[in-house]
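Visitor: As a plain string of letters, each chain reads:
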Amino acid sequence: MVENRTFGDRLAYLILTIGVLILAFPVYLTFVASTWDAATIINGQMPLYPGPFFAENYYRTLFIGTAGTTREPVINMMINSFVMAMAIALGKIFISVLSAYAVVYYRFPFRMAAFWLIFLTLMLPVEVRIFPTFKVVADIGFLDTYQGLAVPLIASATGTLLFRQFFMTIPDELLEASKIDGAGPFRFFKDTVLPLSMTTVAALFVIQFIYGWNQYLWPLLITTKDSMQTIVIGIKKMIVTADALTEWQLAMTTAVLAMLPPVAVVILMQRLFVKGLVDQEK
Amino acid sequence: MAEVSITNVRKVYPGNVEAVKGVSIDIPDGGFCVLVGPSGCGKSTLLRMVAGLETITSGECRIGGRVVNEIEPSDRDIAMVFQNYALYPHMSVYDNMAYGLRNRGTPKDEIERRVQEASKILGIESFLERRPRQLSGGQRQRVAMGRAIVRKPQVFLFDEPLSNLDAKLRVQMRVEIKKLQRALGVTSIYVTHDQVEAMTLSDKLVVMSAGRVEQMGLPNEVYRKPASRFVATFIGSPPMNIARGVVRGKGAVSIGDVVLPVADMAADLVPGAAIEVGLRPEDLIVTPNGSLTMAVDFIEELGATQLFHGMLGGAALVIQAASGLVPADSKTLNLSIDPAKVHLFDLETGMRRGL
Amino acid sequence: MNKTATFKGYLIPALLLAPQLAITLVFFYWPASQAVWQSFLVQDAFGTSTEFVWFENYKELFSKPDYYKALWNTLVFSTLVTSFSLSIALLLAVMADRQIRGYQVYTTLLIWPYAVAPAIAGVLWMFMFNPSLGIMAKGLRSVGYDWNPLLNGNQAMALVVMAAVWKQISYNFLFFLAGLQAIPKSVIEAATIDGARPMRRFWTIIFPLLSPTTFFLLVVNVVYVFFDTFGIIDTITGGGPSKATETLVYKVYSDGKGGADLGGSAAQSVILLFIVICLTAIQFRYIERKVTY
Chain Y
9 MVENRTFGDR
19 LAYLILTIGV
29 LILAFPVYLT
39 FVASTWDAAT
49 IINGQMPLYP
59 GPFFAENYYR
69 TLFIGTAGTT
79 REPVINMMIN
89 SFVMAMAIAL
99 GKIFISVLSA
109 YAVVYYRFPF
119 RMAAFWLIFL
129 TLMLPVEVRI
139 FPTFKVVADI
149 GFLDTYQGLA
159 VPLIASATGT
169 LLFRQFFMTI
179 PDELLEASKI
189 DGAGPFRFFK
199 DTVLPLSMTT
209 VAALFVIQFI
219 YGWNQYLWPL
229 LITTKDSMQT
239 IVIGIKKMIV
249 TADALTEWQL
259 AMTTAVLAML
269 PPVAVVILMQ
279 RLFVKGLVDQ
289 EK
Chain P
67 MAEVSITNVR
77 KVYPGNVEAV
87 KGVSIDIPDG
97 GFCVLVGPSG
107 CGKSTLLRMV
117 AGLETITSGE
127 CRIGGRVVNE
137 IEPSDRDIAM
147 VFQNYALYPH
157 MSVYDNMAYG
167 LRNRGTPKDE
177 IERRVQEASK
187 ILGIESFLER
197 RPRQLSGGQR
207 QRVAMGRAIV
217 RKPQVFLFDE
227 PLSNLDAKLR
237 VQMRVEIKKL
247 QRALGVTSIY
257 VTHDQVEAMT
267 LSDKLVVMSA
277 GRVEQMGLPN
287 EVYRKPASRF
297 VATFIGSPPM
307 NIARGVVRGK
317 GAVSIGDVVL
327 PVADMAADLV
337 PGAAIEVGLR
347 PEDLIVTPNG
357 SLTMAVDFIE
367 ELGATQLFHG
377 MLGGAALVIQ
387 AASGLVPADS
397 KTLNLSIDPA
407 KVHLFDLETG
417 MRRGL
Chain V
-7 MNKTATFKGY
3 LIPALLLAPQ
13 LAITLVFFYW
23 PASQAVWQSF
33 LVQDAFGTST
43 EFVWFENYKE
53 LFSKPDYYKA
63 LWNTLVFSTL
73 VTSFSLSIAL
83 LLAVMADRQI
93 RGYQVYTTLL
103 IWPYAVAPAI
113 AGVLWMFMFN
123 PSLGIMAKGL
133 RSVGYDWNPL
143 LNGNQAMALV
153 VMAAVWKQIS
163 YNFLFFLAGL
173 QAIPKSVIEA
183 ATIDGARPMR
193 RFWTIIFPLL
203 SPTTFFLLVV
213 NVVYVFFDTF
223 GIIDTITGGG
233 PSKATETLVY
243 KVYSDGKGGA
253 DLGGSAAQSV
263 ILLFIVICLT
273 AIQFRYIERK
283 VTY
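Residue numbers (the numbering used here), protein chains in the order written: chain Y, 9 to 290; chain P, 67 to 421; chain V, -7 to 285.
Keep in mind that the hints were calculated from the coordinates and are not lab data. Treat the hints with care, since some could be wrong.
Said to hold, decoys possible - Have a look at the derived ranges for each label pair, beta carbon to beta carbon: (1) P:123 <-> V:175: 33 to 39 Å; (2) V:79 <-> Y:146: 31 to 37 Å; (3) Y:56 <-> V:191: 34 to 40 Å; (4) P:123 <-> Y:91: 52 to 58 Å; (5) P:266 <-> Y:192: 36 to 42 Å.
To be verified - Which chain Y residues stay away from chain P? Per the calculated CB distances, all over 12 Å, these: (6) 71; (7) 76; (8) 90; (9) 106; (10) 186; (11) 190.
We treat Cβ as the ideally placed atom computed from N, Cα and C, and that holds for glycine.
The shape of chain Y in the complex, shown without the other chains:
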């Protein structure tokens, strides 16, 4: 539009830039803190530019760990987080693609009952039933295991709904053509449905990887051993109430490392991320 184009654009640039800066500032500050030594931070004298301790802090955090609190090399925590996030993302994709295929491409008794049983779990966030779930996992003997971290979180309606929605858009004629071409349910799934679903699979993967990596309450409850800690839990344990005991430079380095993988996933796979997020809510 002709009216006030330049003024409006300048205002837009200004507001967006302020927005970007405000969103980025806490992270920038954290990064800066990860490049200074403990004393500088504790004294409240930390400057707004990076310091000389980058290599030392990151080396110590990754491979040695804090001296007083968690004492676990953060690389191990990152491995735990990675395993958990991958298991949740892949597990969720696996079980939901299968169940969606059954619900969409078969007619069987209790089909709608099964669908509603899955659908209702949308309303049951883990926080609501946290202690009974904890008890189930404890009874099965899954405490302090990767299974315990991942399995209870891989069942949820979102994936099934997402795949169901996508399968509904595959033209019926493709199934009919496949039938005439001699493909049964397994071949149709492997040769047609799965290749066509790859974008949906990838989008769901991005969302669920972030979801898994960022889990907090669940791993907090079911991991007791230091060796099973995830990085998000680890950082909480590094920060103790008595400020003097907190090795802030290492805690902040850990924070940067904890943000890095999911943020990288969002930025590198922005298109898939947006698709996954928006489709999930349709």
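Got chain Y; can you put chains P and V on it based on the hints?
Guide: The following block gives chains P and V in isolation, referenced to the frame of chain Y:
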């Protein structure tokens, strides 16, 4: 190669909706049968029952003498071309054609040979490596045909294969399908709602309405002697004029005060009976000494021909004549008609009342 | 909506559904039903005997000021986070929707905080506002403001709200932007020809057309505040000082931790469950409305 015979086939959907109400059609080996009718007449359902994509509620379907009611689509030795082509979007053109053969365990070199052969026939050799979305509508149509050809089936099934193409391409592909079917000699069933396609392609034309066969036969036969008012108005463009008339005695009817001679007239029609009279637009001949006088409302110019809209004996009428026969500002036309080309239909049932 | 073309058979679909259903039953329905059951039980101090007490746990819950406090905190927290994050996100989305040069870069730079774990977001903000070493705390004190969220409940709440808003802006921004881009340009052009100035255009055309998105985000944000902010609260305040930032979910956790009051915690879970079901039902009505919109 095989003949297809459909006997008393019915399709009842849940909720007692009867889509096909007992249809019997026999198609000889190598025949080209076109099922035509308005949407919802059951023609697609019938085709899909032959394909095995819908179960047959009752009746029998045979392909090459074998009852196929309970046989899986892939084992019926048929190939199908879908309206939206149903090409696998993630496979190359080559793989689209090869997929059915691979599923059947056809040897690799045989697949290669057949795909090459089919793509040469269809002129798609140059884009075997492309994906369907990189192709134009006409090219996709050819790939869909290719997928059917490579299988060397006993029967081709076409489900409105040209309706997604633009008008020009549709005419071109129509001719190609006809040529191809002649060359391969494969028995074919073709569903369309387009009466021009139906007329031009078929050697057996089946007109369907509301789940029943209204008429079947050679296309020209159906055109010349429509069995009902429905067929008469459905086949032919512009459609046959239908006017309310009265029987005047043996061999004559009248529309308003205009009397027409009739050659083909049922013996039991008594004078004074009300009847419907059908006149094809091109059967009314414009001639200076014609005995019928039509008042012209307006003229549509089509280039080679003209359409005259007007009134004859109080009934609205369209006639078609070569351009330039009469001055463009004519207010009346003199017409004559061959008594053999006056069609009579029952007022209530719509059935033909001929000999 | 159902497919007309399907496969036959019962065994295969049963096998395909088995993993999903098994996990759902074991880790969702069984624990949820346990929560309901436990909410009717009282355990003695040593855990040796349990007694079925009907609604005793609920009665006790509503007789304590603690629970009302948590309810109030949750209300304040939800209202603040939802209104701030929605309005800031809407402002940014409207600006990005102008399709100015480089708006896609801005979009990327605005959506990444979604990927930061709530617990980490808490750590970042706590570090900035830590009374003894935080850079923002220093700034506040230098202008004479007595900043100490470790002692002052309102300041603690403000800090938690800021962190929660910071993290939620990205999500709301994305959906607002998608909503704005879905508004047909011709409608806005018609309004321009009808003589509506930009501000008027926004309030009379764009904002009403965006209302389904806004409503959807409202519900999602409330759910977010209820559950996903657990990590933020736990890392910044741990519910303190003196329960000033203890929300309903946080209270379920702190009451049930160590098995102290399982019955009471279970009763709280059931109430939360009820709230979630109400929210989902509201969202359902929204989906229905969207279909007819």
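Visitor: Taking the hints in turn, state whether each one holds.
Guide: Checked hints:
Between residue 123 of chain P and residue 175 of chain V, the C-beta spacing of about 49 Å breaks the proposed range 33 to 39 Å. For the hinted restraint 31 to 37 Å between residue 79 of chain V and residue 146 of chain Y, the CB-CB distance of approximately 44 Å leaves it violated. Under the hint 34 to 40 Å, the C-beta atoms of residue 56 of chain Y and residue 191 of chain V, about 37 Å apart, fit the expected range. For residue 123 of chain P and residue 91 of chain Y, the hinted distance range of 52 to 58 Å is satisfied, since their beta carbons lie about 55 Å from each other.
The beta-carbon spacing between residue 266 of chain P and residue 192 of chain Y, approximately 38 Å, falls within the hinted interval of 36 to 42 Å. Every CB of chain P lies more than 12 Å from the CB of residue 71 of chain Y, the least distance being 45 Å, so the non-interface label holds. Taking the minimum C-beta to C-beta distance to chain P, about 56 Å, the non-interface status of residue 76 of chain Y holds against the 12 Å cut. Its beta-carbon lying about 30 Å from the closest one in chain P, residue 90 of chain Y satisfies the requirement of being farther than 12 Å from that chain.
The beta carbon of residue 106 of chain Y sits about 20 Å from the closest Cβ of chain P, which is more than 12 Å, so the claim that it is off the interface holds. Under the 12 Å C-beta cut-off, the non-interface status given to residue 186 of chain Y relative to chain P is violated; the minimum distance is some 8 Å. A beta-carbon of chain P is positioned within 12 Å of the beta-carbon of residue 190 of chain Y; the least distance is around 4 Å.
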